[in-house]
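Letter by letter, the chains look like this.
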Amino acid sequence: MSKLEKWNEKIWNFFASVDLAVALFIVISIGAAIGTVIPQQAEPEATIRFFSKFLSIANATKAYEIVSLLDLNNLYHSWWFTFLLFMFALNLIVCSIDRLPNLLKSYKALPQPLPFQILEKMPIRKDLKIDKENMPDKIMEIFKNRGFATNLFQTPEGMQIQAKKWSKTRLAVYLTHLSILIILSGALVGTFFGFRGHMNIVEGTGLDFAISDEGKAIPLNFQVICDRFEVEYYENSAIPKAYRSYLRILENGQAVKFNGKETKVVEVNEPFSYKGITFYQASYGFQPAEHAEFRFTYFDSGGKEIPIKAKFEEKVKIPGKSVTVSVIDFSPALGIDEHGRLFNMTTDMINPAVLVVFEEGEKRTERWILKKIPDTWETPYGKLRFDELWGAQFTGLQVRKDPGVPLIYIGSIFLCVGLFISLFLRPINYFVTINKDNISFYSPSLKGKFIIEKQLEEIINRLKGEKI
Amino acid sequence: MSYQIIAIAGLLYILAMPLYIVYMLTKNNKLGYLATGILASGALIHVYGFIRRFMEMYAINHSFMRSIPITNLYESLVFFVLCLIVGYLFIEWKYKKKSFGVFVSIIAGIIIGLTELLGVSKEVQPLVPALKSNWLLAHVTLSFIAYAAFAISFITGLLHIIMSSESKKSFKYILSTTLLGLMVFIFISMIIDIITAGNPKSVKIFHSTLGNPSVPISIISWISMIALILISWKWSEIIIKIFKGLKIDSNFLEDITYKGIAFGFPIFTIGGLVFGAIWADQAWGRYWGWDPKETWSLITWFVYAFYLHAKFIRGWQGSKTSVIAVIGFIVTIFTYLGVNLFLSGLHSYGSM
Chain E
1 MSKLEKWNEK IWNFFASVDL AVALFIVISI GAAIGTVIPQ QAEPEATIRF FSKFLSIANA
61 TKAYEIVSLL DLNNLYHSWW FTFLLFMFAL NLIVCSIDRL PNLLKSYKAL PQPLPFQILE
121 KMPIRKDLKI DKENMPDKIM EIFKNRGFAT NLFQTPEGMQ IQAKKWSKTR LAVYLTHLSI
181 LIILSGALVG TFFGFRGHMN IVEGTGLDFA ISDEGKAIPL NFQVICDRFE VEYYENSAIP
241 KAYRSYLRIL ENGQAVKFNG KETKVVEVNE PFSYKGITFY QASYGFQPAE HAEFRFTYFD
301 SGGKEIPIKA KFEEKVKIPG KSVTVSVIDF SPALGIDEHG RLFNMTTDMI NPAVLVVFEE
361 GEKRTERWIL KKIPDTWETP YGKLRFDELW GAQFTGLQVR KDPGVPLIYI GSIFLCVGLF
421 ISLFLRPINY FVTINKDNIS FYSPSLKGKF IIEKQLEEII NRLKGEKI
Chain C
1 MSYQIIAIAG LLYILAMPLY IVYMLTKNNK LGYLATGILA SGALIHVYGF IRRFMEMYAI
61 NHSFMRSIPI TNLYESLVFF VLCLIVGYLF IEWKYKKKSF GVFVSIIAGI IIGLTELLGV
121 SKEVQPLVPA LKSNWLLAHV TLSFIAYAAF AISFITGLLH IIMSSESKKS FKYILSTTLL
181 GLMVFIFISM IIDIITAGNP KSVKIFHSTL GNPSVPISII SWISMIALIL ISWKWSEIII
241 KIFKGLKIDS NFLEDITYKG IAFGFPIFTI GGLVFGAIWA DQAWGRYWGW DPKETWSLIT
301 WFVYAFYLHA KFIRGWQGSK TSVIAVIGFI VTIFTYLGVN LFLSGLHSYG SM
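Here the protein sequences line up with chains E and C, keeping their order. Quick note on numbering: our numbering labels position 312 of the first sequence as 312, and the sequence is numbered without any gaps. Quick note on numbering: our numbering labels position 285 of the second sequence as 285, and the sequence is numbered without any gaps.
No wet-lab data here; the hints were simulated from the structure. Quick caveat: nothing in here was measured; it's all calculated off a predicted structure. Glycine residues also receive a C-beta, built at the ideal position from the N, C-alpha and C atoms. Treat the hints with care, as some may be off.
To be clear about the criterion: a stretch of chain C counts as covered by chain E if any three or more of its residues have a C-beta under 8 Å from a C-beta of chain E, and this derived list gives those stretches [to be verified]:
{"no.": "1", "segment": "257 to 266"}
{"no.": "2", "segment": "296 to 306"}
Simulated pairs of lysine-lysine, BS3-like, Cα-Cα distance not exceeding 30 Å [stated by the list, open to error]:
{"no.": "3", "chain 1": "C", "residue 1": "K27", "chain 2": "E", "residue 2": "K454"}
{"no.": "4", "chain 1": "E", "residue 1": "K126", "chain 2": "C", "residue 2": "K30"}
{"no.": "5", "chain 1": "E", "residue 1": "K454", "chain 2": "C", "residue 2": "K122"}
{"no.": "6", "chain 1": "C", "residue 1": "K320", "chain 2": "E", "residue 2": "K10"}
{"no.": "7", "chain 1": "E", "residue 1": "K401", "chain 2": "C", "residue 2": "K132"}
{"no.": "8", "chain 1": "E", "residue 1": "K264", "chain 2": "E", "residue 2": "K216"}
{"no.": "9", "chain 1": "C", "residue 1": "K244", "chain 2": "E", "residue 2": "K126"}
{"no.": "10", "chain 1": "E", "residue 1": "K165", "chain 2": "C", "residue 2": "K94"}
{"no.": "11", "chain 1": "E", "residue 1": "K121", "chain 2": "C", "residue 2": "K122"}
{"no.": "12", "chain 1": "E", "residue 1": "K261", "chain 2": "C", "residue 2": "K27"}
{"no.": "13", "chain 1": "C", "residue 1": "K122", "chain 2": "E", "residue 2": "K241"}
{"no.": "14", "chain 1": "C", "residue 1": "K132", "chain 2": "E", "residue 2": "K372"}
{"no.": "15", "chain 1": "C", "residue 1": "K320", "chain 2": "E", "residue 2": "K121"}
{"no.": "16", "chain 1": "C", "residue 1": "K241", "chain 2": "E", "residue 2": "K126"}
{"no.": "17", "chain 1": "E", "residue 1": "K454", "chain 2": "C", "residue 2": "K30"}
{"no.": "18", "chain 1": "E", "residue 1": "K264", "chain 2": "C", "residue 2": "K132"}
{"no.": "19", "chain 1": "E", "residue 1": "K454", "chain 2": "C", "residue 2": "K244"}
{"no.": "20", "chain 1": "E", "residue 1": "K454", "chain 2": "C", "residue 2": "K97"}
{"no.": "21", "chain 1": "E", "residue 1": "K464", "chain 2": "C", "residue 2": "K96"}
{"no.": "22", "chain 1": "C", "residue 1": "K94", "chain 2": "E", "residue 2": "K464"}
{"no.": "23", "chain 1": "E", "residue 1": "K168", "chain 2": "C", "residue 2": "K94"}
{"no.": "24", "chain 1": "C", "residue 1": "K27", "chain 2": "E", "residue 2": "K275"}
{"no.": "25", "chain 1": "E", "residue 1": "K257", "chain 2": "C", "residue 2": "K132"}
The whole structure should be built from the sequences, with the hints applied where relevant.
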């Protein structure tokens with residue numbers, strides 16, 4: 001063998017070895033674990049702040065240098081972690097190429113009797129003495145009744161019976177390995193041909209681009225308009241029940257219709273896709289826009305409901321009265337502290353309230369109107385319900401295009417099928433030697449030794465039962 | 001209320017523990033049946049409590065798929081214990097061996113105790129929008145069934161190492177006896193915590209022992225913890241003797257360790273990783289995002305993949321593989337609780 005061939009073989013064996021697989025399991029695990037501790041995709045200051053919790057400032061700065069050298073603050077996308085994953089894939093491929101042909105060959109090969117020395121080394125062995133005619137046939141019948149394929153051989157040491165069941169399930173391991181490769185390739189497809197980004201759309205406005213995770217603008221070729229965003233709360237509680245965005249798509253100035261409707265509602269766990277791009281409800285926030293307006297419903301003396309809209313501090317006439325109303329303060333979550341003073345709890349619209357002032361000539365009346373407390377709607381000038389502040393919140397949408405997802409799904413299915421077969425349906429092999437009245441049972445299986453011994457006991461009992 | 005019913009189940013689990021011990025010492029079969037009976041009746045009450053809680057959730061959420069009570073730390077711990085006990089009872093019935101019942105009841109007792117001690121919220125809460133998905137049932141249920149299977153392989157793995165260790169200075173032996181001593185200490189300490197607390201709502205873990213405001217008591221606790229570990233290290237041969245007396249060979253323990261992993265690993269893969277990825281894909285727009293919970297699930301997966309490869313390809317046998325099973329469960333605990341307590345991420349149900 002030439003030197004080159006020797007090296008080739010060495011390298012091949014290195015990539016085909018389980019030792020490499022196990023080493024990669026350990027190294028990838030440790031690497032991934034580090035990434036859960038050190039802040040990822042954080043600003044340098046955040047990383048230094050993290051280290052200064054248990055190091056001096058000078059050392060924390062040094063630690064940051066190491067972190068940025070090894071990309072530890074962007075660990076999962078660093079060159080060395082990618083390299084490890086690549087090695088993992090290579091290991092899987094080489095390993096399968098190395099072993100699979102032999103396995104396939106073994107299915108095609110004619111069965112051969114095993115030498116006695118190999119049988120002797122098997123972990124499971126049961127001996128018994130039965131003196132009866134036609135033992136091989138009886139043993140083979142019992143095995144056949146249990147779904148085994150059997151072979152009978154004549155050897156120098158006597159008869160040898162081989163019983164096999166589910167031997168094809170060995171292939172499932174390779175299905176499992178293949179599935180991991182499919183998943184990894186799906187991830188690659190997603191990285192190269194997809195994108196991830198987000199867009200924050202203020203109520204009543206639209207955007208035709210998303211911001212990628214790297215901070216670049218991604219044009220969408222259509223416009224996404226958010227007509228409305230709302231947070232629904234459970235009754236009498238600050239626990240959110242649903243986050244909801246009412247979206248419309250404008251393409252070339254035309255509204256796109258989905259099942260005859262223009263509006264699409266996006267909620268958490270209920271994304272919406274258009275032209276391969278999917279929108280997910282991810283976040284929201286308080287950000288009053290120029291066009292923000294307070295919306296009221298006025299109940300006139302006849303009980304008719306009249307909508308009223310007003311911008312901040314804009315005086316609006318109450319229908320049928322010579323009174324104007326204007327909003328001079330707003331609180332998204334009005335609470336009352338122990339001294340009876342009003343305060344604002346958060347910027348979430350848990351309990352929105354407005355301070356309005358009614359003006360009738362010189363007479364001014366101030367009053368808080370709370371959306372969720374009907375008592376506060378009654379004013380000296382009639383019932384005025386505060387409905388919402390529109391145009392003051394933005395919806396945060398996660399935007400994604402990932403053509404690799406089908407591969408991920410296919411890989412996942414293979415992974416599950418492969419694992420279930422290889423762990424629940426094990427190949428079972430028995431070897432029986434018959435030498436006059438000495439019968440020995442052997443099994444090479446290490447998996448589920450206990451069950452195999454139990455099964456063997458049953459088979460032997462059947463055999464003995466026939467004797468009686 | 002459902003949590004009171006579950007607390008009764010927890011008490012029965014704790015009650016079963018001394019019975020299992022006495023059974024192992026005396027080999028009195030009647031006591032053995034009694035121990036199993038109490039554990040099983042605990043499980044029945046537990047199932048009843050679980051169904052009650054399911055109905056309480058249903059009354060709020062009006063959806064069968066979304067009413068499975070595994071939506072916060074308390075509920076998940078309770079479900080984990082239920083899976084553990086049911087799994088153990090199944091093994092006991094199938095193999096007719098009560099050998100590790102005492103350790104299962106210790107762990108079950110510790111966990112139900114923990115829910116009392118950590119002051120975890122036990123009220124039925126409405127689902128937050130992120131959890132409103134039909135994947136909730138499949139993802140969370142299967143994950144915890146897998147965790148319970150890993151827990152069983154942890155217990156048998158631990159005992160297997162202790163039983164098959166020849167040298168007391170070997171790393172395997174020290175590791176497993178230390179863990180055993182710690183488990184017993186936490187168990188005793190929690191019982192003292194509950195007994196000494198005036199108000200059941202103000203109980204705090206280790207408040208009566210390690211974290212006692214009185215310095216002498218705290219020191220005594222630390223000493224007794226170390227003493228318990230030393231005792232467990234020094235006299236684990238008693239366990240070995242009892243086990244040998246009960247005709248439990250280490251092969252049985254090794255086999256159960258493997259079974260736990262062979263069952264748990266595919267369940268964990270499908271329920272934890274695959275269903276988790278599908279759900280993440282629908283809720284957050286990415287199937288994998290290196291969130292701490294995801295990352296640690298992957299690490300758990302790698303550890304058990306290591307176990308399977310070491311066992312079948314490298315042909316590792318005996319306590320060597322059990323060490324991996326023990327480490328695997330320590331990683332699992334971190335994935336389950338540690339990630340929520342120490343790292344920030346998206347799986348927020350663990351917050352208290």
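Hints and how they fare:
1. For the segment 257 to 266 of chain C, the assignment as covered by chain E holds, since 6 residues bring a beta-carbon within under 8 Å of that chain's beta-carbons and 3 suffice.
2. Look at the segment 296 to 306 of chain C against chain E: 7 of its residues bring a Cβ nearer than 8 Å to a Cβ of that chain, three or more, so the hint holds.
3. Using a Cα cut-off of 30 Å, the hinted pair K27 of chain C and K454 of chain E holds, with the two alpha carbons roughly 24 Å apart.
4. Note on K126 of chain E and K30 of chain C: the hinted pairing is violated, with a Cα-Cα distance of about 34 Å set against a maximum of 30 Å.
5. A hinted pair counts as satisfied when its Cα atoms are at most 30 Å apart, and K454 of chain E with K122 of chain C does not qualify at roughly 45 Å.
6. Among the hinted pairs, K320 of chain C with K10 of chain E is consistent with the structure: their alpha-carbon atoms are about 28 Å apart, no more than 30 Å.
7. Of the supplied pair hints, the one linking K401 of chain E and K132 of chain C holds, its CA atoms being roughly 24 Å apart against a limit of 30 Å.
8. In summary, the hint linking K264 of chain E to K216 of chain E is supported, as the alpha carbons are separated by about 26 Å, within the 30 Å threshold.
9. Proximity of K244 of chain C to K126 of chain E is assessed by CA-CA distance (about 22 Å); at most 30 Å being required, the pair is judged to hold.
10. Using a Cα cut-off of 30 Å, the hinted pair K165 of chain E and K94 of chain C holds, with the two alpha carbons roughly 23 Å apart.
11. Restraint check: the Cα-Cα separation between K121 of chain E and K122 of chain C comes to about 56 Å, which exceeds 30 Å; the hinted pair is violated.
12. For the suggested pair K261 of chain E and K27 of chain C, the alpha carbons sit about 74 Å apart, so the restraint of at most 30 Å is broken.
13. Note on K122 of chain C and K241 of chain E: the hinted pairing holds, with a Cα-Cα distance of about 20 Å set against a maximum of 30 Å.
14. Distance check on the hinted pair: K132 of chain C and K372 of chain E sit about 25 Å apart at the alpha-carbon level, within 30 Å; holds.
15. Taking the CA atoms of K320 of chain C and K121 of chain E, the gap is near 21 Å; set against the 30 Å cutoff, the hint holds.
16. For the hint linking K241 of chain C to K126 of chain E, the alpha-carbon distance of about 27 Å falls within 30 Å, and the restraint holds.
17. Only pairs whose Cα atoms come within 30 Å are accepted, and K454 of chain E paired with K30 of chain C is accepted, the gap being roughly 26 Å.
18. Only pairs whose Cα atoms come within 30 Å are accepted, and K264 of chain E paired with K132 of chain C is accepted, the gap being roughly 19 Å.
19. This hinted pair checks out: K454 of chain E and K244 of chain C have alpha carbons roughly 21 Å apart, not beyond 30 Å.
20. For the given pair, K454 of chain E sits about 15 Å from K97 of chain C by alpha-carbon distance, which is consistent with the 30 Å threshold.
21. Taking the CA atoms of K464 of chain E and K96 of chain C, the gap is about 24 Å. The hint holds against a cut of 30 Å.
22. With a C-alpha separation of about 24 Å, the suggested pair K94 of chain C and K464 of chain E falls inside the 30 Å cut-off, and the hint holds.
23. The straight-line distance between the Cα atoms of K168 of chain E and K94 of chain C is roughly 28 Å, inside the 30 Å bound, and the hint therefore holds.
24. A distance of roughly 70 Å separates the Cα atoms of K27 of chain C and K275 of chain E; the hinted pair therefore is violated under the 30 Å criterion.
25. A distance of roughly 27 Å separates the Cα atoms of K257 of chain E and K132 of chain C; the hinted pair therefore holds under the 30 Å criterion.
Hints 4, 5, 11, 12 and 24 from the earlier list are contradicted by this structure; the remaining hints agree with it.
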